[in-house]
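Add chain B to chain A, keeping to what the hints say.
There are 2 protein chains.
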Amino acid sequence: MNDLPKRIFIKEEGPREGFQIESGDIPTADKIALIDALAKTGLKHIQTVSFVNPARVPGMADAEAVVAGITPVEGVHFTGLWLNNQGFLRALETKKLHMEGKLTLYASRAFLKRNQNRTLEQQFAAQPELIKSYQHAGVPVRTGFVTAAFGCNFQGDVDAAYVVELVGQMRAIARDNGEDLDLIGLGDTMAWANPEKIRRVVGEVRAANPDVAISLHLHDTRGLGLANAYAGLQMGVAHFDAAVAGLGGCPFARHSGAAGNICTEDLVLMCEEMGIETGVDLEALIDCALMAEKIVRHPLPGKVKTGGSLRALREKLALGDATPVVAE
Amino acid sequence: MNDLPKRIFIKEEGPREGFQIESGDIPTADKIALIDALAKTGLKHIQTVSFVNPARVPGMADAEAVVAGITPVEGVHFTGLWLNNQGFLRALETKKLHMEGKLTLYASRAFLKRNQNRTLEQQFAAQPELIKSYQHAGVPVRTGFVTAAFGCNFQGDVDAAYVVELVGQMRAIARDNGEDLDLIGLGDTMAWANPEKIRRVVGEVRAANPDVAISLHLHDTRGLGLANAYAGLQMGVAHFDAAVAGLGGCPFARHSGAAGNICTEDLVLMCEEMGIETGVDLEALIDCALMAEKIVRHPLPGKVKTGGSLRALREKLALGDATPVVAE
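Order-wise, the sequence lines are chains A and B. One rule links them: number in the working numbering = place in the first sequence (from 1) + 56. One rule links them: number in the working numbering = place in the second sequence (from 1) + 56.
A few of these clues could be false.
[To be verified] Here chain B is said to cover these stretches of chain A; the calculated rule only asks that three of the stretch's residues, wherever they fall, bring their Cβ under 8 Å from a Cβ of chain B:
| hint | region |
| --- | --- |
| 1 | 248–258 |
| 2 | 271–282 |
| 3 | 324–338 |
Simulated from the structure, these hints should not be mistaken for laboratory data. Glycine included, each C-beta is placed from N, C-alpha and C at the ideal position.
Same shape as in the complex, but just chain A (with noise of 0.2 Å):
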C-alpha cells in the first residue's frame, strides 16, 4: 500500500517536551518567546507545558506564567498536559489554554506499572470517572492514544492485535460513557517500532477502525524516527506529534542524552519534498529550531537547521546565485 496523505496536521509538542527534560533554569520570557515564534509558523497546534508536581518537574513549576505570557493566534490552538485530575484543573484554570481530553491506555503493564503505578484494569477502570471530569468541565473527549504501541523496555515487543483489542476497548469506555474518539494516538514511547512493524501497526488499527483518524507519537532513539514516520505516511497517516529541533530527550534510553521525539522541521521537510502539505513555513521553523537550541544552550539533535532546506537552496540557484551554500 502506498497511501500518502494530501496533507499533514502536526501537533509541535518541543515547548512541554523540551523544557519539561532541561535542568529547569531556563527564563521563563525564553519559553513564551519561542511558543509565540511557533505560533507565526503556520503550525496549528503547539503543546506549551505540562502540569505536574514542581518538585518532581522543575522545568515546569512556571506552567501557568508560561501560559500567562503566549500572545493568543487566531486558528492557533495553545494545548497543555496534565496527568492527572489536578493537572487538568490547573490546566482548566489558565482560561487560556484549547482544552482537549484524551483516554490514555498502556500496551506494556510493566511500563504502566512503573510510570503511574496502576494495573491495566484499574487504568481502565479510571477512564469513565476521567470521561464524567471532562463532560462537567465541557471538555469534549475526542481523542485515545495508547502509550508503548509497539513496544517496551520494561515488558518488550508488543502484538499488533493487542493494540487492536485496546484501541477496540478503549472506543467501546468512550461510547458507553456518551463520547465518540475520531482521533487514535499510537505512541512509540521507548522507539521500539520500525518501518515495517509501523505499516503493520497501523495497518490492522485502520483496518479495525476504519472511521477513525490515527495519529503517530514518534519518537527518535534509535535514529528509525523519520524512516518511521515516512512507513506511517504511506499507511494514510496524517497526523504527527513532533518537536521543534528535537527537543526533548529519552529518559528511558541506555546513555542520558538520547533523542526523544521526531524533529518538527524534518518532518515538515521530508513532506515538503514529496509534496505533502504541512501548512507549516519551514524557513520560519527553522529560525524557531534555532532559537530553541540557544534557548537551551546545547546542541539539539534536528538535521535540517544545519543541513539547510532545499527550497531556500532551490530559490537561490533560481536568482544565479549559486554560492552562499557552502558551510558558513
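Just chain B now, with coordinates in the frame of chain A:
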C-alpha cells in the same frame, strides 16, 4: 512495490569519511585501532583511507601508515579511495588493499566543474583511459557511480530520466572497453533525496538495468537518511554505504557540523528489526561507534550508540532483568 531484500551488504566508509574531515591531529594508531575493531564486527568491506593531496587533506597524510598497520582479517576487504591516477598508484603500492576500479559520472555539471574542474564531456572522455589504467594493473572494473544523482546544491534537482541516461552511457563506455559493470551506485552527495524520489529514481534505473545491482550512498544532512534507505530497501536495494557512528560530515551544508553519511549501526538496527540480515554484530558495532566518538573527541550523530539496541533489551528482559535500561 515492497520488495525488501533478505540481506544487505554494507560498505563501511566511516574511517575514510571521518578522518578525512577531522582536523588532522588524530593519532595513526587510533585510526588503525578503529579499523581493526570494525573488521571484527562482521563488516566485509571497509574503506579505510583516501590517497589524496596531504596539503589539501591533512587528515589523510598518514594514509600509507594506516594501511600498513591494519591487521588482515580473512574475508574482509579493506579498500581505499582515490581521485586520480597518482592516488590509484599509491593505493596499489600498499599491496595490502582490495583493489576495485570504479567509473564515476556526475549528474550535476556544476558540481563536476566545481569538484574536478571538468566538463561532462571531459569526464566521459577520461573514462576509457581510466579503464585502461585499471586493466594495465589487473584491477577489475565492476562499479559505476553517479554523483549527485538526486540533486545538487549548485545546480538543483536532477531528473530520474537523466540518471538513467548517465547509467546507460557509463555501461556503454565500460562495455566498449572490455568491462562489464555489475553494480551501479547512486550518490545523494548533497542530501537532495526524499523517500519518494528514491523510489522513483531507483525504480527507473532498475527497470532499465534489471541485470545489475544498485547501491545507495546516502547522506543524512537533512535528516532523511534512514527514511531514504528504507525507501531503497522497499525497491529491493541491497547495497548501502554507511559510516560508523555517522563519522564524516557535509562540507556543503548551511552550517558546518552537519551530518554526512548515514550511520552504520542505525542502518543495521533498522534492518535487523525488519528481519533483514546484515551479517554484522550490532553490539560489537556499537562499541566501535563509541570508540570512534572517543577518538574524534566530539559527539557523533549516530543514535543507536546512545539509544541502545533492542536485541540487548530483549535479552535482558528474557533473563527477567528489566532494570538496567534506564539512563546509565
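These are the hints, each one checked on the structure:
1. 248–258: holds (count 5)
2. 271–282: holds (count 6)
3. 324–338: holds (count 5)
Of the hints listed earlier, there is not a single one the structure fails to meet.
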